[in-house]
Amino acid sequence: MTLYSKIVGTGSYLPPKRVTNDELAQQLAKKGIETSDEWIFSRSGISARHYAEADVLSSDLAVAASQRALEAAGLQANDIDLIILATSTPDHLGGFPSTACVVQRKLGINNGGAAMDVQAVCSGFVYAMSVADSFIKTGMHKNVLVIGAEVFSRILNFEDRTTCVLFGDGAGAIVMTASKEPGILAAKLHADGSHGHILCVPGNVNDGAVAGNAYLYMDGPAVFKLAVSVLDKVAREVLEIAKVDAKEVDWLIPHQANIRIMQGTARKLGLPLEKMVVTVDEHGNTSAASIPLALDQAVRDGRVKPGQNVMMEGVGGGFTWGAVLARM
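Take the sequence shown: its position 285, counted from the start at 1, is 285 in my numbering, and no numbers get skipped.
Careful, some of the hints might be misleading.
What the hints assert, rightly or not - Ranges between beta-carbon positions, derived for each pair:
no. : residue 1 : residue 2 : range
1   : Q308      : K137      : 45 to 51 Å
2   : Q76       : A222      : 19 to 25 Å
3   : R300      : A114      : 25 to 31 Å
4   : K31       : L93       : 34 to 40 Å
5   : S179      : V56       : 33 to 39 Å
Note that these hints are calculated values from the structure, not bench results.
All values derive from a computational prediction rather than experimental measurement.
Glycine included, every Cβ here is placed at the ideal spot set by N, Cα and C.
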């Protein structure tokens, strides 16, 4: 029997603290930094974002999203035999123990199943889904919890108005399980390390102290130019692998980085903007969490329905990019 992997549950969580553009502009003004709702929205499509409180970790957001995904899937925590968590803001310095292991403990999973983090920045969730799909198809794992969780507010330089206004915190999760029916129709991943310098956190740890800049750095124009190009190409690659025409895509859920990048990608694929799920206006860029956050919202509000084809794609620091086409 041919094994497929299928998404059977979605969940998401946003920290309660919502910060509008006007509120952020007022905070920045106290530091002598000028910005405005109009300046932020016109360049990004962002109106607000959510920030986690100081004592809240990526794992805390991940657990809340995971519990909702498990409930939607009708599974108990101990039914999960693999956790794959995508994050660039792990709970612990150096990334270990992995945030996936922390989530496993907090969910009370004690079945000895595997858990690991994936680091591909904003492409992380797509990477994690592809890995989960491969594990399920080989029969190695049956029920996989795939999570994207970020507290990007911790790595933002709030004296750099070009980046600090763009990002937010949150988490999204899905449960993927072995199925006789096709679910993940195709996936394709890419990376090009030669572009690593245009989106990065350039600092490092040396002798127990942070050396260099520990804040996120982004060359906005360079990222924009590269993102639109690679997202179009990888989406077409996935459609070709799946032997699906772009007209058969019911929903496009891109990484929620910038509304102009998202709209440019949809137009290149010939998809009407009405078929694109947009949450960047209220969530900002939540990196690896953005796609599962958007997917869960669209599932719960009834837009994404069983049997529909959903294209999910992301691009992020590394430089990494990828896409997954799923039949819900």
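These are the hints, each one checked on the structure:
1. At about 21 Å, the CB distance of Q308 to K137 disagrees with the hint of 45 to 51 Å.
2. Between Q76 and A222 the Cβ separation comes to about 46 Å, which falls outside the hinted range of 19 to 25 Å.
3. Separation of R300 from A114 is about 29 Å and conforms to the stated range, judged on CB atoms against 25 to 31 Å.
4. Evaluation of the 34 to 40 Å hint for K31 and L93 yields a failure: the beta carbon distance comes to about 27 Å.
5. At about 35 Å, the beta-carbon gap between S179 and V56 stays in the expected band of 33 to 39 Å.
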